[in-house]
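K.L.:
Sequence:
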Amino acid sequence: MKKMIYSRRASLLTLVAALALAACGQEQAEEPGAQQEPPAHKVEVAEMARQNIPLNKSYPSLLRSDREVTLVARVNGFLEERHFEPGQLVEEGDRLYTIEPDLYQATVNQREADLQSARAELFRAQRDAQRFEQLLSQNSVSRQQYDQALADQRVAQASVAQAEAALTSANLDLGYSQVTAPVSGMISLSQVNVGNLVTSGTELATITPLDPLEVRFQLPQRDAFELRRQLSDGSDLSDLRALLSIPGVSGGSDFELEGHLDFLGSRVDSGTSTVQASATFENPDATVLPGQFVRVRIEGLQRFDVMAVPEIAVTQGLMGPQVFVLDEDDKARARTVVLGEVAGPWQIIREGLAPGERVIVGDTAGLEPGMVIEALPFNGNAEAIVAEAEQEEAQQQAQAAQAMEEGAADGQPAEGEEGAQ
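According to our numbering, the sequence shown is numbered sequentially starting from 1470.
The set of hints was computed from the structure by calculation and includes no laboratory data. Yeah, the Cβ is synthetic: ideal placement off N, Cα and C, and Gly gets one too. Careful: at least some of the hints might be erroneous.
Stated by the list, open to error - Distance ranges between label pairs, derived from CB positions:
hint, residue 1, residue 2, range
1, R1536, V1737, 24 to 34 Å
2, F1732, M1788, 39 to 49 Å
3, A1575, N1608, 43 to 53 Å
4, G1813, F1732, 20 to 30 Å
5, Q1579, V1652, 33 to 43 Å
6, E1537, E1569, 22 to 32 Å
7, E1569, L1605, 48 to 58 Å
8, F1762, E1810, 21 to 31 Å
9, A1853, A1509, 33 to 43 Å
10, D1738, Q1626, 49 to 59 Å
11, A1518, Q1871, 20 to 30 Å
12, A1869, S1701, 14 to 24 Å
13, Q1871, D1738, 52 to 62 Å
14, Q1579, A1627, 52 to 62 Å
Sequences are here, hints too, so could you generate the full structure?
P.N.:
The structure is reproduced here in structure tokens:
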């Protein structure tokens, strides 16, 4: 847009110069030696002051699901059943595979019987220890016999604990024979067919959670610093709106999901000078899938305590980018500046301007150094000024196109004229 504005300004400057020369020639012909002061040029002027500028930025990212889970078998046996269809959305806790549960149920039954036997042995040992304790008080048995009864009781107690642990392990294996979904998401193709023998560690399938989506991306160091400064002033991460833009999803048009920023890293990557961040997006229809390249746009970012002018106020001079400032005589003076970021309709100025200086922020078409300026108030709406300039430029282009068409029509010979020549 700037290049188009600069081109239009160059044309206007040429037109203004030609008109000025013609006017001067006419005045000199009518009144030799008379000079007339040109009228002041009316344009919006703003007094520079540091301000906070809202900034919308987007960052590239490759979608991936950090909660993706690979299902593996935890017991040995034949795969008897599969309880899902590939590509199906499964819920946490849904049964997915059955691996020979009868074998492990039999083991559980055996361990239960072993536990009952150990408890019966413990009961007998406890009764013996109680009797020997009474007999010892009557001097009917020796101390050694009583100690042996106590030892048998403790051995029986240990056997019960061992049987309980074996039963717990058998119940775990029985539970592992039914493979369930640890998370909700879309399940992949099965890696093993029904009827195959699987062992502990055999991969079965993959579940990819799709709602919500957690997207990780990298913030440039300065953006992360400004964001931390913003958060230190009382803002919260959840207050920052995030938009996930996926190009060409629906009918070739861009598609967006709304979410919020929920993490900002605490260290800078020395290799990339970036800080990791993440945002969460609701994806109820599973429209977006991991592996897609997307852009994450953060709304609510700001640049603090900066100098900024409407983008249209910046022109290209011999020494680089420049703006026009007013001196004490209300005359325009070109000032070379160092540009920062573009924030919507605003252009951040890093160097070249000081607070209190008056800068021409309206359309600079036709302006020249030394021109007297009649300052119009600026209401702070940079977007309106840029839109007005674009509208004016479009009108001038339409008029120029119409003039070219009329000129071409006038230059064509009338019907039969070419033959007469």
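K.L.:
Regarding E1569 and L1605, is the given constraint of 48 to 58 Å on their beta-carbon distance met?
P.N.:
holds, 54 Å
K.L.:
I want to verify a distance hint. Is the separation of the beta carbons of A1575 and N1608 within 43 to 53 Å?
P.N.:
For N1608 against A1575, whose Cβ atoms are near 52 Å apart, the range 43 to 53 Å holds.
K.L.:
Could one say that the CB atoms of G1813 and F1732 fall in the range 20 to 30 Å?
P.N.:
holds, 26 Å
K.L.:
Is the hinted range of 33 to 43 Å satisfied by the C-beta distance from Q1579 to V1652?
P.N.:
holds, 34 Å
K.L.:
Just to be sure I understand the hint, the distance between the Cβ atoms of A1518 and Q1871 should be within 20 to 30 Å; is that true here?
P.N.:
violated, 43 Å
K.L.:
Quick check: does the Cβ-Cβ distance between E1537 and E1569 fall within 22 to 32 Å?
P.N.:
holds, 28 Å
K.L.:
Could you see if the CB distance from Q1871 to D1738 stays within 52 to 62 Å?
P.N.:
holds, 56 Å
K.L.:
Kindly confirm whether 21 to 31 Å is satisfied by the beta carbon distance between F1762 and E1810.
P.N.:
Since the Cβ atoms of F1762 and E1810 sit about 24 Å apart, the hinted range of 21 to 31 Å holds.
K.L.:
Is 39 to 49 Å respected by the C-beta to C-beta distance linking F1732 and M1788?
P.N.:
holds, 44 Å
K.L.:
State, for the Cβ atoms of A1853 and A1509, whether the hinted interval 33 to 43 Å holds or is violated.
P.N.:
The hinted range 33 to 43 Å is violated for A1853 and A1509, with Cβ atoms some 23 Å apart.
K.L.:
Could you say whether the range 14 to 24 Å given as a hint is met by the Cβ separation of A1869 and S1701?
P.N.:
violated, 53 Å
K.L.:
Could you see if the CB distance from R1536 to V1737 stays within 24 to 34 Å?
P.N.:
Check passed, 26 Å falls within 24 to 34 Å.
In summary, the structure is inconsistent with hints 9, 11, 12, 14 from the numbered list given earlier, while agreeing with the others.
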